[in-house]
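Participant: Each step along the sequence shown adds one to the number in our numbering, with nothing skipped, and position 273 is 273.
Derived from the structure by calculation, the hints contain no laboratory data. Some hints could be false.
Stated by the list, open to error - Label pairs and their in silico Cβ distance ranges: (1) Gly262 with Arg30: 35 to 45 Å; (2) Ser293 with Pro111: 37 to 47 Å; (3) Val333 with Ala68: 24 to 34 Å; (4) Thr254 with Ala102: 41 to 51 Å; (5) Gly103 with Ile357: 43 to 53 Å.
Note that CB positions come from ideal geometry on N, CA and C, so glycine has one too.
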Amino acid sequence: MPTLLPDDPASAVAEIDLGALRDNLDALRRRAAGLDVVAVVKADAYGHGAVPVSRFLRAEGVERFAVATLEEALALRASGLDASILVFAAPIPAQVERYVRAGLELTVTSPEVAEAVCAAALHAGPVRAHVKIDTGMGRIGLAPDDAVGTVRRLERAPGVELAGLWTHFASSDEPQDPWNREQWRRFREVIRKLGGAPAPIHAANSGGLLCNPVATDPAEVSAVRLGIALYGLYDPSEAVAELRPAMRLVSRLTQVKTVPSGTPISYGRTWTATRETRIGTVSIGYADGYRRSLSNRAEVGVLGARCPVAGRVCMDMVMVDLGPDGQGVPAGVGDEVVLFGPGGPSPFEVARWAGTITYEVVCGITGRVERRVLPAR
């Protein structure tokens, strides 16, 4: 049965397949070979819905989660998530007590943050801190030369628990890139100077797990951070075969009309009918996260067939060429259109047409699109 029936009030729906999510988790756990799994649910679980995804993963035995911002972590706590939650972002020192009150794990990214953590631990309660070392990503974190002194400061501070030591690879999904080895060398050098790992170690994200085994040796690390692969959206040429996308994006036709040859379609008249054909208007646009760069490039699924996008993607509508009357796709108003997922193109195809990555395809689906969670079977 189609997701959207003619009397359904939703204009577009993103289906979230919990069965795919569970299968992906199981496959990645097997690959992780005993390492702890940190489920990354930042950016609303990569557009899939952080609350339902986190609840489901918690029921599947995941005990550790990570998000990008304090606001994301507080929202998960408010939803009742009782697991460990690490916030990746560099905390503002004045906000450290909010982390403590919510029982969150924070990232120490500078000596200044370390001092704020030590101060908060004295009067706000115990603080669980992960020290981030910038070994070559260039975003946030302590320079290797500053890391040892900062770790020692935290170790001495009353009420501070050193919960992790971590880094992030700039080219984790490119195993032949020598920068991976250099970052790993810098990271291990810090650990050597500390006299061994003073806390649990985690370095690999999805790309690290699937393509960079140096960062997933159980003798060296204790956990792996799973983001994009958990949602089945890692490049299939590099991923384990079991991974499958957990999101399917659908909408419906709101108008179908036959136009003569020579008829221009949409803004700028960038597409013109070369024959008499039926044009379907789909209720979705770039305000829903269906990118404007897909104009005249993408295809959609209609009644099991592929139909090209005709003309520019608008804010709220997309036009597709259904083919000549009697020879094309016999679709009508109310029929379902698959923007990506089973019955249409894959999110990998959509990313290539848009000139981007699957992360942007799913993270860009806006709140105007209803999420519908499909139970795992």
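Participant: If a hint holds in the structure, say so; if it does not, say that too.
Facilitator: How the hints compare with the structure:
1. Gly262 with Arg30: 35 to 45 Å: The hinted range 35 to 45 Å is violated for Gly262 and Arg30, with Cβ atoms some 57 Å apart.
2. Ser293 with Pro111: 37 to 47 Å: 43 Å, holds
3. Val333 with Ala68: 24 to 34 Å: 41 Å, violated
4. Thr254 with Ala102: 41 to 51 Å: 44 Å, holds
5. Gly103 with Ile357: 43 to 53 Å: 33 Å, violated
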